[in-house]
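From just these sequences and the hints, can you work out the full model?
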Amino acid sequence: MSENSQAFLTVQDLYVHFPTADGLVKATDGLSYTLERGKTLGIVGESGSGKSVSSSTILGLHRGTNAQVSGNVWLDGVDLLSLSDREMRQKRGKEIAMIFQDPLSALHPYYTVGNQIAEAYRVHNNVSKKAARARGIEMLELVGIPQPQTRFDNYPHEFSGGMRQRAMIAMALINDPSLVIADEPTTALDVTVQAQILDLLQNLQKEFNTAIIMITHDLGVVAEMADDALVMYAGRAVEYGPVREVLTHPEMPYTWGLLSSVPEVGGDTDARMVPIPGNPPSLLNPPSGCPFHPRCVHSAKVPGDLCRTTLPELLEGPRGAGHLSRCHLPDPEAIYEAEVIPEIAPEQVEERRG
Amino acid sequence: MWAYVVRRLVVGVVLLLGVSLVTFALFFAAPADQAKAACGKTCTQAQVEITERALGYDKPVVVQWGKFVKGLVVGRSFPDDKALEKTNPELITKCDAPCLGYSKNRGTTVNELIADAAPVSISLAVVAVIIWLVLGVGLGIIAAVTKGTLIDRGLVGLTLVIYAFPTFFIGFFFLKFMAIRWKIFDIPSYVSIADGGVGAWLSGLLLPSFTLALVFLASYVRMTRAFVLESMGEDYIRTARAKGLKGRTVLFKHALRAALTPLVTMTGIDFGTLLGGAVITEQVFGYNGLGKLTVTASNFQDLPTLVGVVLVAGAFVILANIIVDIAYAFIDPRVRIG
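The listed protein sequences correspond, in order, to chains A and B.
FYI, numbering that gives the first Met the number 0 numbers position 265 of the first sequence as 264, with every residue one higher than the one before it.
FYI, numbering that gives the first Met the number 0 numbers position 223 of the second sequence as 222, with every residue one higher than the one before it.
Incorrect hints may appear among the rest.
Said to hold, decoys possible - Across the chosen pairs, the derived CB separations fall in these ranges: (1) A:P276 to B:I268: 50 to 56 Å; (2) B:Y162 to A:L103: 34 to 40 Å; (3) B:I183 to A:L283: 54 to 60 Å; (4) B:V334 to A:T64: 28 to 34 Å.
Don't read these hints as lab results, they were simulated from the structure.
C-beta atoms are modelled at their ideal positions from N, C-alpha and C, and glycine is treated no differently.
In structure tokens, the structure reads:
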């Protein structure tokens, strides 16, 4: 979490635009972040905030589409965006792997789970079918699938949801990638299974020292898993910093909104869940200035017309420590303490003052 | 699985019996006089009545149908006359089960007529289905991967233009120009494999089969294109690409496998229907298949032949459907038959 260009993964000024019949869709509009080996970055945002698009661009999945991409994605000193399609393909699944949201639709229904896992291994390793099978079974065992020998030959529909996601993780990790992008890996799962999958990912990360980009709209997952948190809105980062900082001292009203939308188990029953009003902005024709201003309940506290006219810079706040945010509010910390906390977590008011 | 097949076959047989009854009923609802037609133009009224009795046309439809069904199960004799059988056995035609009837017009059993005609129609259908599958699926894939380009539009447009031409036009065009004027092909005629070997059989079939295949080509190109594009948008294709698979592997192993499944259904039904005879193509090229047999039979009010052909054609369609359903269990692991 620094401006150090030597970071393992450095995304710099990434723009992903899609020309459509209606105009240019700016799915990602100038995104920068870094990630070290063995660390986890949690990318949070509503649907359509550009979190998935920016991440699949790292994997080069935009290639062959009409996406217009600019910027740099440095992985271990190599600019992924300047690689040829062939070079990118050789990194895909080997150095960078992806875990998708819905494992049922992400697995091919006509091939056995084992076949699909072994295929991922054989693309990048010149080994016999038998060796790939052995490796696949080993991976199934590693991700905690019972009787991997027989499970290897089952079809995806014969697995439970949690098992399927474990199998997807086995497939992603089979080539020991240094970067794993997990695109809402627990969204389609039961809560109890979610915890198991997250736990599994954490253990495997420790074992293999993998860097993980965790895309989610669940702040609980971020709190649990991530070292850094990046909040996205309308294709841009609006808040970025160490996860404790961002979650305990958020400086951007959108992050406050996300926090207010999370129900807390065992929380004060006087606490209110305050939804963010309105809908995510259109990426085709985003609002002027700060794209969050039409939904921001605090914009009146900003002097003049700034919110409507000027896009705030992503700047380090008064607390330092690499905590960046994009907001015109002069003293967001004070507003958060005085207005937001008493509403969403009244029991914390005393605690935080002390 | 076997219980399922047996159940489907039983249902199929019941269905076919129903089809034959409807065919009987329809035919008798028609204003023509069967006996007169069978007897010939010069018959006197007395002779017509004798014919009517001999053929059983004096009995109610249901009784006639009952005899037909009996013939299917145990066989029949024509005419069914015990006294005549004793005095003049040479005048009796035996028809073993499953007896489809006796054509007075053609002077032989329907079974024999169909046994002569079916191989022609089956050969045509087999060669045609191969041609339209290879071309249709191949061009469909090309159109899908070049989506939106001139190649895509050209292919889809061209097959539609071909589709717009009537079959008899294309058939006559091929016959007149390709075979007669330019002599690119021999004038097509049916030679059975037993008579001329596979080479002669195939070269005799090329033009009419191609004519037949062109009827189906357009829809197969469009369907293949649509199914491939649909499956290319699936999540598991993204997974396959994320693994680092080559574009070719993604297309042929992952996308096509899913895209071609619905085509199996279409092919099965189209092929089954075609086995019952290609009326226009057989007529144009003068092939004595089931299609031509049907046309001739209906021109001459030859009820037994018509019922027989309808039944055989129906059986082909029902069988094709059963085979498609069984094939599905092998293609799609999620389908369990039972």
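Consistency of the hints with the structure:
Our hint of 50 to 56 Å for A:P276 and B:I268 holds, since their Cβ atoms are close to 54 Å apart. B:Y162 and A:L103 have their C-beta atoms about 38 Å apart, which keeps the hinted 34 to 40 Å range intact. A hinted range of 54 to 60 Å holds for the C-beta pair B:I183 and A:L283, which are about 56 Å apart. A C-beta distance of roughly 33 Å is found between B:V334 and A:T64, which places it inside the suggested range of 28 to 34 Å.
In summary, the structure agrees with every hint in the numbered list given earlier.
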